[in-house]
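Peer 1: In case you want the letters, here they are:
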Amino acid sequence: MQIIFERSGGFMGRKVSLSLDLEELPEDQAQILKRLVDESGFFDLSINPPEKSVPDGFTYSILINTETNQRTIQVGETNFPPVLRPLLENLMARTRSH
Amino acid sequence: MSHRHSIFCILPPHMLEQVAQNGSSAQRDMATHTLSASRQIRERRISMAAATMRGNFTAASTFQRTVYDAKFGTNLPGTIARKEGDAPVADISVNEAYDGSGATYKLYSSAFGRNSIDNHGMKLDSTVHYDKGYDNAFWDGQQMVYGDGDEDLPVSERLFNRFTISLDVIGHELTHGVTQYEANLVYSNQQGALNEAISDIFGSLVKQFQRNQTADAADWIIGEGLFTANVNGVGIRSMKAPGTAYNDPVLGKDPQPAHMKDYVTTSQDNGGVHINSGIVNHAFYVTAIEIGGYAWEKTGQIWYKTLTDKLTSNSNFQNAADATFQSAVEIFGAGSLEQIAVQKGWAEVGIAVNGTSPVPTPSGEGCLKGLMRSLGLAA
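Each protein sequence line maps, in turn, to chains A and B. The opening residue of the first sequence carries number 233 in the working numbering; numbering runs sequentially from there. The opening residue of the second sequence carries number 134 in the working numbering; numbering runs sequentially from there.
These aren't lab readings, by the way, just hints derived from the structure by calculation. A hint or two may mislead.
[Claimed, not checked] Below, simulated BS3-like cross-link-like pairs (lysine-lysine); rule was C-alpha separation at most 30 angstroms, straight line:
1. Lys239/B x Lys247/A
2. Lys386/B x Lys477/B
3. Lys386/B x Lys266/A
4. Lys216/B x Lys247/A
5. Lys247/A x Lys477/B
6. Lys386/B x Lys443/B
[Claimed, not checked] Derived contacts from chain B toward chain A, CB cut-off under 7 angstroms, selection only:
7. Ala270
8. Trp272
9. Asp273
10. Gly274
11. His309
12. Tyr314
13. Tyr320
14. Asn363
15. Asn365
16. Asp395
17. Val397
18. Thr398
19. Ile422
[As the list claims (entries may be wrong)] Facing chain B, a subset of chain A residues (Cβ under 8 angstroms, in silico):
20. Ile236
21. Phe243
22. Gly245
23. Pro282
24. Val286
25. Gly289
26. Tyr292
27. Arg303
28. Ile305
29. Glu309
30. Thr310
31. Pro313
All C-beta atoms in this analysis are idealised placements derived from N, C-alpha and C, irrespective of residue type, glycine included.
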């Protein structure tokens with residue numbers, strides 16, 4: 233499984249991004265990520281269109297590629313599905329460790 | 134408004150005074166006449182402005198602030214932490230959001246006669262402690278939202294402080310609300326960068342107004358205090374010198390251009406709205422320095438009129454340049470120093486004003502040179 237994550241926009245307008253190949257991660261970390269993707273129902277999740285323009289809001293883009301599925305979800309502050317938040321937190325934490 | 138001879142349009146009073154004292158008899162007469170006419174016009178403008186302000190104060194705008202606490206979650210607005218009239222609480226973020234929205238209201242009310250975000254006394258709602266490790270602030274269409282930066286990391290790893298720390302950030306977010314009710318600029322590409330610049334401009338004016346700073350005394354930094362000591366930078370953006378606010382091994386370098394030749398074409402950040410805003414920010418700065426004094430008094434007036442009367446949702450930089458030039462004519466007169474300063478501000482960032490207004494000469498320099506020539510002071 234590959235995950236490409238990107239956060240753009242925000243008050244600063246700075247992009248942060250991350251590209252992960254789960255094969256290359258330690259087994260325990262890969263398992264956690266697989267579980268978070270499964271629990272979010274990523275490939276079946278219905279995304280509402282953004283309700284309104286949100287000045288300075290972040291835009292999140294998550295692309296996940298498996299042997300059988302590929303999908304990119306792009307969401308903003310007002311249409312972020314709560315079910316996706318644990319996965320987002322894991323990915324964001326990875327972009328912040330420097 | 135009386136018409137002055139076009140040739141007297143822009144010579145500054147101190148130069149005219151020189152001519153009035155030291156010129157030939159005919160030069161002295163012309164200069165003396167011009168000085169007297171300028172004084173009358175200036176006095177009339179000041180009394181008009183004062184009358185407008187008195188009117189606003191009698192309208193007695195009351196404002197209604199509420200600060201909510203999201204408690205590190207993402208449900209908005211959260212629970213009430215402080216409402217209008219309450220004494221300060223122990224939580225510094227709550228007090229900063231409360232005081233900052235009050236300071237922003239005060240600038241709009243005192244300097245521009247505006248009654249809150251919608252000009253109809255809209256309540257000012259803010260939420261602090263939004264999300265965990267949330268290094269951002271935004272306007273959600275109805276309220277301001279502030280994160281705490283890197284509060285969840287060890288101190289040695291933190292890059293961002295809480296976003297309420299910076300008064301101009303609060304003014305910036307509230308101004309997104311004002312723009313939404315006025316020009317309603319589209320939030321992408323050049324329109325979005327103009328939207329962003331307007332938020333930086335009025336955000337900076339909120340800070341300058343609160344500090345009682347003239348244009349030359351202000352730092353023109355947006356987001357001062359947002360970075361922790363771990364970051365090499367003075368703030369997020371510099372209106373004075375776009376592209377120089379930070380240069381850091383982790384965050385990279387401030388990407389803002391200060392000139393159209395460096396305009397960044399990108400699909401990121403809604404088409405670089407936080408990047409290309411540097412161009413408009415700098416045009417405002419140059420104009421404000423050129424005019425001098427308190428930036429909210431003249432340059433701010435020109436931009437407020439432009440935002441509320443002239444820009445529309447699809448306005449781009451060129452439209453803003455032309456509209457501010459026109460606003461300067463309407464407020465200060467054709468050929469006024471203020472109008473020339475607007476033109477100079479835009480010229481500095483590579484945008485030539487296409488004045489649609491009746492201006493006495495195509496450019497300020499031509500006007501000045503014409504007068505100098507007529508007085509025998511230039512070839």
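Peer 1: All hints are to be evaluated individually against the structure, with a verdict given for each.
Peer 2: Against the structure, the hints come out as follows:
Note on lysine 239/B and lysine 247/A: the hinted pairing is violated, with a Cα-Cα distance of about 34 angstroms set against a maximum of 30 angstroms. Between lysine 386/B and lysine 477/B the CA atoms are separated by roughly 28 angstroms; this keeps the pair inside 30 angstroms, and the hint holds. Taken as a hint, the lysine 386/B and lysine 266/A pair is broken in the structure, with Cα atoms around 35 angstroms apart against an allowance of 30 angstroms. This hinted pair does not check out: lysine 216/B and lysine 247/A have alpha carbons roughly 35 angstroms apart, beyond 30 angstroms.
Our distance criterion of 30 angstroms between C-alpha atoms is broken by lysine 247/A and lysine 477/B, whose separation comes to about 34 angstroms. For the hint pairing lysine 386/B with lysine 443/B, the CA-to-CA distance comes to about 35 angstroms; that exceeds 30 angstroms, so the pair is violated. The interface hint given for alanine 270/B holds, since its Cβ lies 5 angstroms from the closest Cβ of chain A, which is under the 7 angstroms cut-off. Taking 7 angstroms as the C-beta contact cut-off toward chain A, the hint placing tryptophan 272/B at the interface holds, the least distance being around 5 angstroms.
Contact between aspartate 273/B and chain A, as hinted, is supported at the beta carbon level, the nearest pair being about 6 angstroms apart and thus within 7 angstroms. Below 7 angstroms, beta-carbon pairs count as interface contacts, and glycine 274/B has one with chain A at about 5 angstroms; its hint therefore holds. Checking histidine 309/B against chain A: minimum C-beta separation of about 4 angstroms stays under 7 angstroms; hint holds. With 7 angstroms as the threshold, the beta carbon of tyrosine 314/B stays out of range of chain A, its nearest partner Cβ sitting at about 13 angstroms, so the hint is violated.
Annotation: tyrosine 320/B was flagged as interfacial toward chain A, and the flag holds, the nearest CB pair being 4 angstroms apart, inside 7 angstroms. Violation of the interface hint for asparagine 363/B is found here, the shortest Cβ-Cβ separation to chain A being roughly 10 angstroms, above the 7 angstroms cut-off. The restraint placing asparagine 365/B at the interface with chain A is violated, with a minimum CB-CB distance near 14 angstroms, outside the 7 angstroms limit. The beta carbon of aspartate 395/B is not positioned within 7 angstroms of any beta carbon in chain A (closest approach about 15 angstroms), and the interface hint is therefore violated.
Of the supplied interface hints, the one on valine 397/B is violated, with its beta-carbon coming no nearer than about 10 angstroms to a beta-carbon of chain A, more than 7 angstroms. Below 7 angstroms, beta-carbon pairs count as interface contacts, and threonine 398/B has none with chain A, the closest being about 14 angstroms; its hint is therefore violated. Interface hint status for isoleucine 422/B: violated, as the beta-carbon distance to the closest one in chain A is roughly 25 angstroms, over 7 angstroms. At a threshold of 8 angstroms, the smallest CB-CB gap from isoleucine 236/A to chain B is about 15 angstroms, leaving the interface hint violated.
For phenylalanine 243/A, the shortest C-beta to C-beta distance to chain B is roughly 5 angstroms, which falls under 8 angstroms, so the interface hint holds. Restraint check, glycine 245/A versus chain B: the minimum CB separation of about 3 angstroms is within 8 angstroms; hint holds. Violation of the interface hint for proline 282/A is found here, the shortest Cβ-Cβ separation to chain B being roughly 11 angstroms, above the 8 angstroms cut-off. This hint holds: valine 286/A has a C-beta 6 angstroms from the nearest C-beta of chain B, less than the 8 angstroms allowed.
With its C-beta approaching chain B no nearer than about 4 angstroms, glycine 289/A sits inside the 8 angstroms limit, and its interface hint holds. Violation of the interface hint for tyrosine 292/A is found here, the shortest Cβ-Cβ separation to chain B being roughly 12 angstroms, above the 8 angstroms cut-off. The interface hint given for arginine 303/A is violated, since its Cβ lies 20 angstroms from the closest Cβ of chain B, which is over the 8 angstroms cut-off. For isoleucine 305/A, the shortest C-beta to C-beta distance to chain B is roughly 17 angstroms, which exceeds 8 angstroms, and the interface hint is violated.
Interface restraint check for glutamate 309/A: the shortest CB-CB distance to chain B comes to about 6 angstroms, inside 8 angstroms, so the restraint holds. Annotation: threonine 310/A was flagged as interfacial toward chain B, and the flag holds, the nearest CB pair being 6 angstroms apart, inside 8 angstroms. A least Cβ separation of about 11 angstroms between proline 313/A and chain B goes past the 8 angstroms threshold, and the interface hint is therefore violated.
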